[in-house]
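There are 4 protein chains.
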Amino acid sequence: MELNLQGKANVQALLLQYENFVRDYLFPIEQDAIYGSFKNALPKLKALRSKAKEMGLFAPHLSKEDGGLGLSLSEFGRISEVLGKSPLGHYVFNCQAPDIGNMELMHQFASKELKDKYLKPLQQGEIRSCFAMTEPQHAGSNPVQLSTTAVKVGDEYIINGHKWFTSSADGAAFTIVMAVTDPENPNPYQRASMILVPLDNPGYQLVRNIPIMGDVGEDYFSHGEVKFTDCRVPASNLIGQEGWGFALAQERLGPGRIHHCMRWIGICERAIELMCKRALSRELDPGNPLAAQQSVQNWIAESVASVKASRLMVLATAEKIDQEGAKAAKEDISTIKFFVSDVLMKTLDKAIQIHGALGITDDTILSFYYRHERGARIYDGPDEVHKTVLAKRILKQYAAS
Amino acid sequence: MELNLQGKANVQALLLQYENFVRDYLFPIEQDAIYGSFKNALPKLKALRSKAKEMGLFAPHLSKEDGGLGLSLSEFGRISEVLGKSPLGHYVFNCQAPDIGNMELMHQFASKELKDKYLKPLQQGEIRSCFAMTEPQHAGSNPVQLSTTAVKVGDEYIINGHKWFTSSADGAAFTIVMAVTDPENPNPYQRASMILVPLDNPGYQLVRNIPIMGDVGEDYFSHGEVKFTDCRVPASNLIGQEGWGFALAQERLGPGRIHHCMRWIGICERAIELMCKRALSRELDPGNPLAAQQSVQNWIAESVASVKASRLMVLATAEKIDQEGAKAAKEDISTIKFFVSDVLMKTLDKAIQIHGALGITDDTILSFYYRHERGARIYDGPDEVHKTVLAKRILKQYAAS
Amino acid sequence: MELNLQGKANVQALLLQYENFVRDYLFPIEQDAIYGSFKNALPKLKALRSKAKEMGLFAPHLSKEDGGLGLSLSEFGRISEVLGKSPLGHYVFNCQAPDIGNMELMHQFASKELKDKYLKPLQQGEIRSCFAMTEPQHAGSNPVQLSTTAVKVGDEYIINGHKWFTSSADGAAFTIVMAVTDPENPNPYQRASMILVPLDNPGYQLVRNIPIMGDVGEDYFSHGEVKFTDCRVPASNLIGQEGWGFALAQERLGPGRIHHCMRWIGICERAIELMCKRALSRELDPGNPLAAQQSVQNWIAESVASVKASRLMVLATAEKIDQEGAKAAKEDISTIKFFVSDVLMKTLDKAIQIHGALGITDDTILSFYYRHERGARIYDGPDEVHKTVLAKRILKQYAAS
Amino acid sequence: MELNLQGKANVQALLLQYENFVRDYLFPIEQDAIYGSFKNALPKLKALRSKAKEMGLFAPHLSKEDGGLGLSLSEFGRISEVLGKSPLGHYVFNCQAPDIGNMELMHQFASKELKDKYLKPLQQGEIRSCFAMTEPQHAGSNPVQLSTTAVKVGDEYIINGHKWFTSSADGAAFTIVMAVTDPENPNPYQRASMILVPLDNPGYQLVRNIPIMGDVGEDYFSHGEVKFTDCRVPASNLIGQEGWGFALAQERLGPGRIHHCMRWIGICERAIELMCKRALSRELDPGNPLAAQQSVQNWIAESVASVKASRLMVLATAEKIDQEGAKAAKEDISTIKFFVSDVLMKTLDKAIQIHGALGITDDTILSFYYRHERGARIYDGPDEVHKTVLAKRILKQYAAS
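Residue numbers (the working numbering), protein chains in the order written: chain V, 4 to 404; chain L, 4 to 404; chain F, 4 to 404; chain W, 4 to 404.
Derived from the structure by calculation, the hints contain no laboratory data. Hints may be right or wrong, so weigh each one.
Any copy, or any two copies together, can satisfy a pair, since identical chains are not distinguished.
Result set (DSS-like, lysine-lysine): computed pairs, CA atoms no more than 27 Å apart in a straight line [unchecked claim]:
#1 Lys115 x Lys330
#2 Lys399 x Lys280
#3 Lys333 x Lys280
#4 Lys323 x Lys333
#5 Lys118 x Lys49
#6 Lys49 x Lys120
#7 Lys120 x Lys56
#8 Lys67 x Lys115
#9 Lys56 x Lys123
#10 Lys280 x Lys395
#11 Lys399 x Lys349
#12 Lys123 x Lys54
Based on the sequences and whatever the hints tell you, model everything.
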């Protein structure tokens, strides 16, 4: 699909560079790194990160001072879309979740010490991080329900709790953990805080990499179940102030959601490319390709239309965030979260159907996306929560009138 | 729903004027003019047209020389959306189909004589016109199949044929008719021409206003079945040149489709307003409004999201037409044609369901839209044709690569 | 579509007779009676009722003693489906709503006097009746909210209230009205009663026939807004006992819903027949019928499959009612109510799309069904209510375990 | 969900026995056998097969002479549904695809020798088999395109070809292979034959177990890519006669499809059970379970309704096959193939959404079904093929009239 980019020429040129990088260097190693062993692929990936640095393409989301490209969110959005065409894209350029969220959070709210010790190597891709918020015993859609506690004793926090879906915990150097520090606060949204925990801490345990849709995963591609047992960290590891946990989580999750949406559009573009190529090459009879079937044409048209709509909404939201901040765009973010995740899953489903038996094998990348992006309608707030957020905002406008 | 207009301040101000006009003057007379008698409402409508002229809001699509506002298509698009909130909107401001299409066509391709005699009073709202293309015996999705003929004899054309869905024929001063002038041309797309026929011609007959979804209709709100029997018009009534029929139809239909899309978005906004107000005011039990139901919230959110996506795609298409012309935007137009008409019907359906029994009565405007816009997925090319157009364009890109 | 009837041979033979009657006598007069004037068609319809009586086909739902065919509900279901192929079917055979519901109710619960005076002529098709329950100010999905009152003074009830969607009130001889007789009863479900009101009563007023989807309607095909103002009727006009209103409404609505479902399947069969015939006869190019389009084939297949599923569920529900009574089948009835109404609207929508422009005209019966059956997802409980009824029943099974 | 079984009491009793077996013995070992190693679980599974034999429940589909229960297809259908509640169900009772299809085929068409040598141990569960038809280079939806050849030389066939989706090849004792024996036959449907190949043959090679949706699989749970290279087998290994390949494939696939449909209904029942239990136990806030959410209620209701519809259609089809044979039910089988596979995937999707993050883990069985049943809309003919089969049959009825 053509790029309808209305931005400046320099972004256009950048996009082409990223596009070529993804096609030339990432597509060829996907089978090994995604369906094979991610750990075994680490040397290759490290080399590609060096190449990205050499080309001046590394960490595009960061400011120029921090080694990035100094782009606006809407400019980065276009790049993020291109990177999304491979599951390796964001990782190689060091703008992958959850690290990108942690970078944004620490950039704004971490102390200088924490920045020097943890943020800088994170920005340079020397270490990875994770984020421990979701708990197995509580619905993620109600973040107020948290069992993990951090009790301040002297100049330390003692953390106890059980978390899961701590993505990429395996191999990470530190996590940021959400824990209740003020359980008696009458305002439930002020009970929790965020604390940085280095993962070589003896009070921390990676229980397992949770098997997700058939993949146990490893290293970056993993989702950890973790435990904190009398886990002691310096009180100075607090991010921001005590009681800021939920406020920071909102700060972190808002942009996090739009990052997902941008990436999903890239996945859709990859799926559309695959479905078109398959439709053109696969013949029902000699000279009668799948592409001549009206059902296939309908699927391609519907996919292209809905992905185009998604891109425009995501970019409009990014521009709003650029201009007015993430808070002003809260409902816009909710809107794209449920709209684009739906488009994503429908597009993948159509791509698989066009591939027939091949579509359910791991011989294409579709199986990976179909399985691992089923979570898109669940993580960072299920569709139902975001629909309610949006509906209430709209209803409020009419209630006032 | 808020206006996310990114345009200039003057367009913003204009929008507010149109919005107020529609609410203050058109909403109150809808019951009489739409569900009652349009003909009886003509004096009131004429008075409102005068008011619109006084306020400098009349015919916003026209150039300033022709008495309009000299707007770009994307600027006009925002206004068209606002006018779409009432079935009377475009009519009162004289930018209604099929007249707007005829104005565009004649502005570009009619002779000076025809312009003076027909286009000027049309632009000023003194007369109305119609467009006779569709034939009952041929699928509209294959415009090459035409039975109507125009034989040149001396300095006249003698036209014979049977048309239907000649919208607004009842009370129109003239029609533009598609007729085969060169049946032997090896290129079927060069066989037809467009000819202007004044409707006081004795060879013309309005057979009936076709009853559409329960409405026979009258005057502007009607769809005529018409016949041409040895209907003689001066050869100078030809629009453009002989054989240009299909080329001109494409010129005419492309922008025509985006005009529909803009209007549909206005209808969706009206439906969302009605569903929200109903959800807030209707109680299941005292203190328990429909708005508290999760299903209702889901419908509102899904409607708002898909309408927002529609607006962004329509405006992006309008901008492309402004910059590159309608031909370059052919697939974009096909995309919005099937995408927005689907959103339209789903939004109306949800609004009706939220209104319960009231929703199927003519006590709200929803019934009118639900019935008369069912055609949106059919007229100017059914969904299936536009999906194929888009799919083939996309497939072509990959076939080349 | 073939009949998969597994019943006895005599029902098969009956079905064929009804099928032929509908095709031979009803299809030809639909344009006049449905889109023209129902009142003007009354003489013809009366003659057809006589013919039905002569053929021994009249009032198939009644017991043999009452002049009917003495069928089980599941046997009648197959006949009802055939009658549903024309909007005139049930009327001509005197098994139309709301009369059929009133017949069932009165047969079980009316006094001998009321039966002699009102039920007998109703069963014989000499008079029509209606049912006044829904009120404009209260959500139909919460039937406990009723404003209409009936105060017993001496041996009379004095009724005051405002109702709408009193279907077929225009021309009816009597109505059964739901009114609150015991407003202080702690159990809200025991506050109301059902009372028969002859419509020549001076305290009764037919305010208007509510315009529904473009049709004001008349006589049988109408939905009345009615008022009761100090409307006095003999206390002996009570149906059943005081306080039985809701219990009787449930008795009446349960079977009423399955009657609708049966009829809807007939409508679907008609729509499938129309879409197939249109697909075969309409050509895109010479020799290239719509039937060759894959989209059209998909729509036909999806329609046929879902209608077949609907029929099996409706018949299974009818058999359950035959064997265990309507109460035992409450959730089954809710299931078919929302399932079949959805299939109905989707099937009609596809049939219209296949007909193109013709599909939105009143030149086929599709427009009538599309407009008047939009209420199917609303009347007798909107989809959302029935889904909740079913879900709660299912959840209860697992809560117990 | 209750069983609406209308069959005889003895089937009811049988169903309860199977239901208890599945719950008591299979649910507990699923984690190990499905997400762990199927090979390691073989001893346990073998013990369960012995238990099934002792209880007289083994191989319910077989005639009593062959050690089965002598059930009709519609009776077996109910049992198959119960077995479908676990991925291990059919395997343990030896009625799993592809073996069940091979048993049916060989029972009808294999020579006595082949029956004695291969069918008997297969029926007794001593060996497993597979079926090699699909080829990677040809669309499965056009079975006429086959590259694999079998050339008769003396009293042997020499087979060469490349197959994939030879399910359960890993560990199987023999395969039945489709190969072209008469490439010049003017009727393409008479070119191929079915030949039995023991898998210890040196000309046979299991290239790999194809990774499907993240699982390489092993033993019974695998899908093989296999090659035949100058693979010689006795000519007497022919099933039926030369040229019967496609006819036999139709014989084999028809019932095969209904077996899948029966199994899918069991999967849906399992998913509904899981979603209800989760909805009841998961709380958003204390005392506020997911089950109170209207969206969740909608999903449960929609799932239950569509699964009920599916069951009725599948059982009606089974009865038709019992009475009139598989050929007469060709379109019925196509109907349930696309209808039920759609219901299956939608039901699984809803169950996952209700489980939230847990739903995408391998901690429930939903992930297995979601991944491995995505093929349901593809294998044994993609939806699109079956829709066309059905539509053409329906259209034919109207073309004739």
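How the hints compare with the structure:
{"no.": "1", "hint": "Lys115 x Lys330", "result": "within (25 Å within a copy, 57 Å between copies)"}
{"no.": "2", "hint": "Lys399 x Lys280", "result": "between (47 Å within a copy, 10 Å between copies)"}
{"no.": "3", "hint": "Lys333 x Lys280", "result": "between (38 Å within a copy, 23 Å between copies)"}
{"no.": "4", "hint": "Lys323 x Lys333", "result": "within (10 Å within a copy, 29 Å between copies)"}
{"no.": "5", "hint": "Lys118 x Lys49", "result": "within (23 Å within a copy, 59 Å between copies)"}
{"no.": "6", "hint": "Lys49 x Lys120", "result": "within (21 Å within a copy, 58 Å between copies)"}
{"no.": "7", "hint": "Lys120 x Lys56", "result": "within (21 Å within a copy, 66 Å between copies)"}
{"no.": "8", "hint": "Lys67 x Lys115", "result": "within (19 Å within a copy, 61 Å between copies)"}
{"no.": "9", "hint": "Lys56 x Lys123", "result": "within (15 Å within a copy, 64 Å between copies)"}
{"no.": "10", "hint": "Lys280 x Lys395", "result": "between (43 Å within a copy, 13 Å between copies)"}
{"no.": "11", "hint": "Lys399 x Lys349", "result": "between (31 Å within a copy, 23 Å between copies)"}
{"no.": "12", "hint": "Lys123 x Lys54", "result": "within (20 Å within a copy, 63 Å between copies)"}
Hint compliance for this structure: no hint is broken.
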